[in-house]
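Below, each chain spelled out in residue letters.
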Amino acid sequence: MGSKYQKSVRVWLPLCAITLEVIFIVIFFFFTSYSASVDEQKKLLRDYRAFQDVFIMATFGFGFLNTSLRRHCWSSIAFNLFLLVLGVQLAALLDGFLTQLSLRKMVIDMSSIQRATMIATSVLISAGVVLGKVNLLQLVIMTLIEVTAFSATRLVSISYLDMNMHVSMMYMHMFAAYFGLTVVCCLRKPLPSASEDKDQTATSPSLFTMLGTLFLWIFWPSFNSALLELADERNMAVFNTYYALAVSTVTGILMSALAHPQGKINMTHIHKAVLAGGVAVGAPSYLIHAPWLAMVLGSVAGMISIGGFRYLQACLQRKVQLHDTYGVHYTFGLPGLLGGIVNIMLMALQAQGVDKSTLGYKVLIDLGALAFTIVMGVASGLLTGLLLNLNIWKSTHKIHYFDDQSFWKFPHLAVGY
Amino acid sequence: MGSKYQKSVRVWLPLCAITLEVIFIVIFFFFTSYSASVDEQKKLLRDYRAFQDVFIMATFGFGFLNTSLRRHCWSSIAFNLFLLVLGVQLAALLDGFLTQLSLRKMVIDMSSIQRATMIATSVLISAGVVLGKVNLLQLVIMTLIEVTAFSATRLVSISYLDMNMHVSMMYMHMFAAYFGLTVVCCLRKPLPSASEDKDQTATSPSLFTMLGTLFLWIFWPSFNSALLELADERNMAVFNTYYALAVSTVTGILMSALAHPQGKINMTHIHKAVLAGGVAVGAPSYLIHAPWLAMVLGSVAGMISIGGFRYLQACLQRKVQLHDTYGVHYTFGLPGLLGGIVNIMLMALQAQGVDKSTLGYKVLIDLGALAFTIVMGVASGLLTGLLLNLNIWKSTHKIHYFDDQSFWKFPHLAVGY
Amino acid sequence: MGSKYQKSVRVWLPLCAITLEVIFIVIFFFFTSYSASVDEQKKLLRDYRAFQDVFIMATFGFGFLNTSLRRHCWSSIAFNLFLLVLGVQLAALLDGFLTQLSLRKMVIDMSSIQRATMIATSVLISAGVVLGKVNLLQLVIMTLIEVTAFSATRLVSISYLDMNMHVSMMYMHMFAAYFGLTVVCCLRKPLPSASEDKDQTATSPSLFTMLGTLFLWIFWPSFNSALLELADERNMAVFNTYYALAVSTVTGILMSALAHPQGKINMTHIHKAVLAGGVAVGAPSYLIHAPWLAMVLGSVAGMISIGGFRYLQACLQRKVQLHDTYGVHYTFGLPGLLGGIVNIMLMALQAQGVDKSTLGYKVLIDLGALAFTIVMGVASGLLTGLLLNLNIWKSTHKIHYFDDQSFWKFPHLAVGY
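Chains as they are written, first to last, in the numbering used here: chain A, 1 to 417; chain B, 1 to 417; chain C, 1 to 417.
Here chain A stands alone, though its shape is the one from the complex (with noise of 0.2 Å):
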């Protein structure tokens, strides 16, 4: 690895955050302030818990869930944690923008932060798919496009698709897990095979992935009812949400030990499917009356969580050389693309007083929001891989692909102790 390259991006890294950090601080200087008004100061202690509950989800949850590759554990923290804040602020931003469509001032309060850090976990989410293959620059990059490209999207569907902001901030699952596969698509190949079994077998155990998952776990009820206005929603969110992790973590450790030929369970696989059930009842939450049908619903995205993670996970690595490190599209694609349809369902099921015609119409309009935010997805994760495999920040070197080894051979790559 020639020394030019490293130079290079340890120059522009610290140059391009600072100068990011430094438009970010002069637009919140000319464009922002807080809310000064009595009622909403009053909603502070129930916003800040939510918030609260939502951000542990994104610093614990997310920075412990990645630190199974032996090799990435800091950077996956540190990074994580940099990305979040880098991510928020830029949502915050653009949110403001996007939802006055100009350019007055707009005024900070819990409810906007809350919503720029659900916005911004979606890079976390990519992040997941991409870690140990690109350097932090190219991680900036990738924040950028990315909280741009969802916060278009959102704003589409709501606008102009009709959609409502828990869902379409619910279909944030999918849109990640697509980008971030389409990212890794992208990334130049060959993956040479031998860092392919050592990305296996890097994975030790680590009670510290597990504990990232609890915190998921554990605060995703207030995530799937963060956004939901009427009591008795944030209400049946809370209880269907729990119902549905509880079902998929019985299933996840049921089809972990059908899947192994001698009957363990894999911690790997608890991780996916615990967490399938959060992400597939997220969008439908607020329109499940009963129990059953959440347990249901995250007993079948346990299901696809484990069965896609063991058979189809292979298959497209040896297919289409997808190489996605955490298993993110069955955790988070397949399991939110799950949720979307139930939601599409149930919407059209629950519609009263509603002539057939006009039923089928929105059927179709809410389907071509879901396929619309997948598209979205893709086509900015297209460019964003494009803008990562064209840049300076590429090696000249035959190895373009980095696994978690090279992570260490290339310091500028790696977070030292």
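It is possible that part of the hints are untrue.
Since the list gives no way to pick out one identical chain from another, each pair is judged satisfied if it fits inside one copy or across any two copies.
In silico SDA-like links for lysine to any residue, alpha-carbon gap of 20 Å or less [said to hold, decoys possible]: (1) K264 with L15; (2) K264 with V11; (3) K264 with I18; (4) K362 with V156; (5) K319 with L187; (6) K105 with L94; (7) K362 with Q350; (8) K264 with C16.
Keep in mind the hints are simulated off the structure, nothing from the lab.
Since chain A is already given, all that's left is putting chains B and C on it; use the hints.
Relative to the frame of chain A, chains B and C by itself:
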């Protein structure tokens, strides 16, 4: 170990759990609905937080508490989550049916899930005694029996023995400890003396156990005040629990230094003593009107816990071959008993305008309820122990009592990565 | 190490702590009662949450923050909890007596325990400087002196120097840092040059330190807003703290990459910089009316922290043999000083309808209060340092300055398992 045995468990565990899950979903389908009352929903915020605290204790606290045996740490956390979600579902159903004593539709609200979680916590305490000696299928059977038995005990105590909700739940620690100890007594012996040593020396220093302990520490005040209705009782329960925990921590560290010939402080002691204070203050927490009494109670609990673990443990292990892996008897059993007795004394002392004979009768009833809880714990533990010894899940080999080594020899028991 | 020394400490520590605990219980018996007012109880929910956040910071945050030295990780967490519970009890009593300046019965409520916890946190910060250089008995002495000195400082500042509750508490970081540094200066030298190296190299990568850092990160906004009464001030304090933390994280990571010759990011730097933002924004958090100012302040704090740690640390260690184990000076001392100065500037700028001479007088008083806090920290630190050097807990051996190795050679200091 014959392959026939392995296969039978391998098939039985998923089969049994899937059947259970299907039965749960069907019962939930026919017999439950979400609350639709507006008052209920207003209470959501308060109850949601209290519920979250209890749930964090159950998942993080008990999950990480039992990770100190190196061989079991994975199993401990994964099994803990599995048993918890099964237990909560069963307890929610039983609680509904037993409370209304009929098969009418029951309402699922936050407080019913919270009660169910607290009941299911009893399984996690008992699991601390038997962990490493039984397989997951046996733990599932244990969960079913223990949750049923404890729900029934609570119902009888509340309906016929005039106990209040709060105290009947706080007797859980005691119930769970004696249940677990009876089960472990019934499991076939002999314990090979070699494995006994191994059990001790495998205790590698683990910060994770401390993490679990701290999670329990922090949220214990929420646990002890969760079922109290009046604001001032909640208030006092919170304060008293903090003071008791603080003093039991100090006492525990001192006792540990005194008990060691070279004045070393033993981390295992700290885990025990720290929690003993919270257990002891549980039942009487709403009756203690000044901090000093909670402090004295915490101090006594800390002493009982360390003293018992240091001196009684070895004695019991030698005499009745009672092998209490995590010292559950001294963390939960004895301090729980102390709390029960203090509760009865305080109720008698604070009773006003009651003549002596009525008071004596009341104290007798209370003592009877305390004894009844222990007897039910032992009886249902006996039933469970016999059942676990009797059945098809037994191996035909001579070592029926699995030491922590065998956990890895028998793949069907293990949690791999 | 002579056995006489060991015995004396072995006897003294439990004796001293038991005496303390008995004294505390007796004082609590005579002088405290729980609040019986109804208004107070209504505030329980809000205060309980804010209190929990602060308590989680103290136990998890500071407990795990100092685990990075391999030899101390056990001691760090156990001692942290021990010092905290002792400190809280003392601070609660002192706070009551000093506030009412009499020996009447005082009322224990949530806000008094919260204040006591915040005061006791100062001990945990100072412990970060001396950890590994003193034994537990010496830490107990330090706790008693520091809590008393800081309570007195706060009382004088509030009563005579016209400081408000919030600011006087936020000066804690500064007080604790200079207290700890003075103590460590007084501890007998010379520091063997070998142990100095050991201290550095023993810094094994530990995810637990990151866990502690994240706990502090997450709950810092609660800490900075805990003592503010008005809803809009709380609101602003929460927002400003988030923005300052976010920007100090970004700045810290960049500075770390720039400071390293090969562009590596140093995790120790991240821990420091991440927290520096929260410390710096503490005092002025309620006066900052726009996010950009908090962002600039966080950015400067991050730079000071990394710059100081990287360049000033080595210089101080060589010149005055000041050995600051965890870089407390750069995480808490300097950023705290920055926050204090910014607070005075903002108060002066935002003062309205005040003529110039009055304003000048006010600024002088404020600067005096700031200086007084530092002087009190240094003075009480000097007293503590001399006391710790003087006494019976000293060994007659030549190595008075325990390196982290000796922690395990001298059993009375160690936490075993």
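Worksheet item: At most 20 Å between C-alpha atoms: does K264 with L15 qualify within a copy, between copies, both, or neither?
Response: between (49 Å within a copy, 15 Å between copies)
Worksheet item: Taking 20 Å as the upper bound on the Cα-Cα distance, should K362 and Q350 be classified as within, between, both, or neither?
Response: within (13 Å within a copy, 55 Å between copies)
Tell me, please, which holds for K264 and I18 at an alpha-carbon limit of 20 Å: within, between, both or neither?
Answer is between: at 17 Å across copies they meet the 20 Å cutoff, but 49 Å inside does not.
Given a CA cutoff of 20 Å, do K362 and V156 count as a within-copy pair, a between-copy pair, both, or neither? within (16 Å within a copy, 54 Å between copies)
Should K319 paired with L187 be assigned to within, between, both, or neither, using CA atoms and 20 Å as the limit? Classified as within: same-chain Cα gap 16 Å, cross-chain 51 Å, threshold 20 Å.
Exercise for the section: Can you give me the call for K264 and V11, within, between, both or neither, at a CA distance of at most 20 Å? Expected result: For K264 and V11, the Cα distance is within 20 Å only across copies (12 Å; inside one copy 48 Å).
| query | Between copies, within a copy, both or neither: which fits K264 and C16 at Cα up to 20 Å? | reply | between (47 Å within a copy, 16 Å between copies)
Homomeric proximity label, K105 with L94: Cα distance no greater than 20 Å: The answer is within: 12 Å in one copy meets 20 Å, while 48 Å across copies does not.
Checked against the numbered hints given earlier, this structure breaks none of them.
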